[in-house]
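*Asks:* Whole structure, please, built from the sequences with the hints as guidance.
Protein sequences, first through last, are from chains H and B.
For what it's worth, our numbering labels the leading residue of the first sequence as 242, then goes sequentially.
For what it's worth, our numbering labels the leading residue of the second sequence as 1212, then goes sequentially.
Some hints could be false.
[As the list claims (entries may be wrong)] Derived list of chain H stretches under chain B, where covered just means 3 residues or more per stretch with a C-beta under 8 Å from a C-beta of chain B: (1) 253-260; (2) 276-290; (3) 295-307; (4) 326-334; (5) 345-352; (6) 455-462.
It is worth saying that the hints were derived from the structure and are not from the lab.
Only a predicted model underlies this, so the values are computations on that prediction, with no experimental measurement involved.
Glycine included, C-beta positions come from ideal geometry on N, C-alpha and C.
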Amino acid sequence: MALISSAVRLARREALGVSVATGLYGVSFGALSVAAGLSIVQTIVLSLIMFSGGSQFAFVGVVAAGGGGPAAVATGALVGVRNALYGARMAPLLGVRGPRRLLAAQLTIDESTAVATAQSEQRAVREGFWWTGVGIYVLWNSFVTLGAFAGNALGDPRTWGLDAAAAAAFLALVWARLADPVARWVGLGAAVVALALTPVLPAGLPVLAAAAVAVVVGWVRPGVARPAAPAADAPGDEDTDDGVRSAT
Amino acid sequence: MLWIAIVVGGLAVYAIKLVGHLLPEHWLAEPRVARTAALVRALGWMP
Chain H
242 MALISSAVRL ARREALGVSV ATGLYGVSFG ALSVAAGLSI VQTIVLSLIM
292 FSGGSQFAFV GVVAAGGGGP AAVATGALVG VRNALYGARM APLLGVRGPR
342 RLLAAQLTID ESTAVATAQS EQRAVREGFW WTGVGIYVLW NSFVTLGAFA
392 GNALGDPRTW GLDAAAAAAF LALVWARLAD PVARWVGLGA AVVALALTPV
442 LPAGLPVLAA AAVAVVVGWV RPGVARPAAP AADAPGDEDT DDGVRSAT
Chain B
1212 MLWIAIVVGG LAVYAIKLVG HLLPEHWLAE PRVARTAALV RALGWMP
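*Replies:* As structure tokens, this is what we get:
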């Protein structure tokens, strides 16, 4: 244990904190899913396979609104599109092949990617990803199960404020990234778009429109946002990564 | 019927994650792709 660097310890601590905050939020999903009309088993199976909070909420939201299976699938998948970007970012950093790559794909979500890319050493990047991914997978699905069983006994899960706790934990993670002025403006623009569209679009779609702001800015303004240097691509250069740690 | 949607939806979301992991690395070296990915990641948040 003495050989574990402080950066790795920090990554694990962040992973556990985010896992607990996000995992507890699973109660909300479990209860909402059963209220939407999924059985307890269906709720658990959906969560185990889909494993992406945004997509799961979007899916049961469409079911609850009577939107039907195909619409639920399409909406869930649409909300999950950003995970492809996370996967593309994580693959070279993790450097895994075969079955471990299949597992890494399943654990590729907002939080695991955020914790990993906030680290400044290659080993810490990898540990941050795996600890967060496994931690959330176990805790999230445990609390989804609990929420599904407790169901209506919990009342409206939103009154618990767990959604705010999960959001706060995530905001703490991405805050350092907003040190870059362009990222800050993009974040502000995306927030405005999301807030404006929330009353008129089905759940899950406003966040996609917000992400589109980032896609457009990244695409049409060459040179404005310095892309984060992938740590694993530059051996011996791990400490510089993208400097987010020093920005905190 | 709902079971089919659950399994297909779950697999679709998984497939999207896997596609990201399997993208050729040289695509990502393209500066515009890297910039875009970095900005989207900075905004990433579970709704």
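*Asks:* Please go over all the hints and tell whether each is borne out by the structure.
*Replies:* Evaluated hints:
no.	hint	verdict
1	253-260	violated (count 0)
2	276-290	holds (count 7)
3	295-307	holds (count 6)
4	326-334	holds (count 8)
5	345-352	holds (count 7)
6	455-462	holds (count 5)
Checked against the numbered hints above, the structure breaks only hint 1 and satisfies the rest.
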